[in-house]
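Residues 305 to 488 (my numbering) make up the sequence shown, in order.
Mixed in with the good hints there might be a few duds.
The following label-pair restraints were derived from C-beta to C-beta distances [claimed, not checked]: (1) Asp-455 x Ser-360: 33 to 39 Å; (2) Ser-360 x Arg-396: 35 to 41 Å; (3) Thr-431 x Gly-382: 20 to 26 Å; (4) Ile-324 x Asp-455: 23 to 29 Å; (5) Asp-377 x Glu-433: 24 to 30 Å; (6) Thr-431 x Arg-479: 34 to 40 Å; (7) Asp-328 x Thr-431: 41 to 47 Å; (8) Ser-360 x Glu-401: 37 to 43 Å; (9) Arg-486 x Ser-441: 38 to 44 Å.
No lab work stands behind these hints, which were simulated from the structure alone.
Given the structure is predicted, the values throughout are model-derived calculations rather than measurements.
Glycine is no exception: its CB is placed at the ideal position from the N, C-alpha and C atoms.
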Amino acid sequence: MRLILASNSPRRRELLAQLIPCFDVEPSRFEESSAGLCASRAALANAAGKAREVASRFPGCAVLGADTVVSLDGAILGKPRDGEEASSMLHRLSGREHEVYTGLCLIADGREQTDVVCTRVRFAALTEELIARYVASGLPMDKAGAYGIQDGYPLVGRYEGSYSNVVGLPVERLRDMLREARLI
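Produce the complete structure using the sequences and hints provided.
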């Protein structure tokens, strides 16, 4: 059965390729929303919405939707609109612990599997200079919470849980879901 990744994220493509070498990419047209939802429910609702939208256009194919949400003190930190917002988010995260949730939705053979994975992340104490350099690099702009753990900047002090979850796709849990759906 053909698998479609309902995401245009290069990071998700790289991570999924670790588990399954051949798949197609079809970005979802689903409008993400977190209004009135806690972070874990928002991640799951958005992942399911993405997968269902793509599945409706490609019947007979397996579809994977995913959504990653950063939560600090219960507030969802989305993708920054500009450098000023990215800088503000990084200042808020500096020296503090937060959660990263990735919702997964795999639709295959008329069956829908869903799950949410959480990783706890503690940021290092960030200097003004580091924040300015990182924001100037442009790397924070397409990432929830305005950062990527994989970007090569010393932002994260430590984490508990799945590293790949923070990147955007928890490969450990996804492997089990793909096996259950007999896709690997």
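Verification of the supplied hints:
{"no.": "1", "hint": "Asp-455 x Ser-360: 33 to 39 Å", "in the structure": "34 Å, holds"}
{"no.": "2", "hint": "Ser-360 x Arg-396: 35 to 41 Å", "in the structure": "38 Å, holds"}
{"no.": "3", "hint": "Thr-431 x Gly-382: 20 to 26 Å", "in the structure": "25 Å, holds"}
{"no.": "4", "hint": "Ile-324 x Asp-455: 23 to 29 Å", "in the structure": "25 Å, holds"}
{"no.": "5", "hint": "Asp-377 x Glu-433: 24 to 30 Å", "in the structure": "26 Å, holds"}
{"no.": "6", "hint": "Thr-431 x Arg-479: 34 to 40 Å", "in the structure": "38 Å, holds"}
{"no.": "7", "hint": "Asp-328 x Thr-431: 41 to 47 Å", "in the structure": "43 Å, holds"}
{"no.": "8", "hint": "Ser-360 x Glu-401: 37 to 43 Å", "in the structure": "39 Å, holds"}
{"no.": "9", "hint": "Arg-486 x Ser-441: 38 to 44 Å", "in the structure": "42 Å, holds"}
Checked against the numbered hints listed earlier, the structure breaks none of them; every hint is satisfied.
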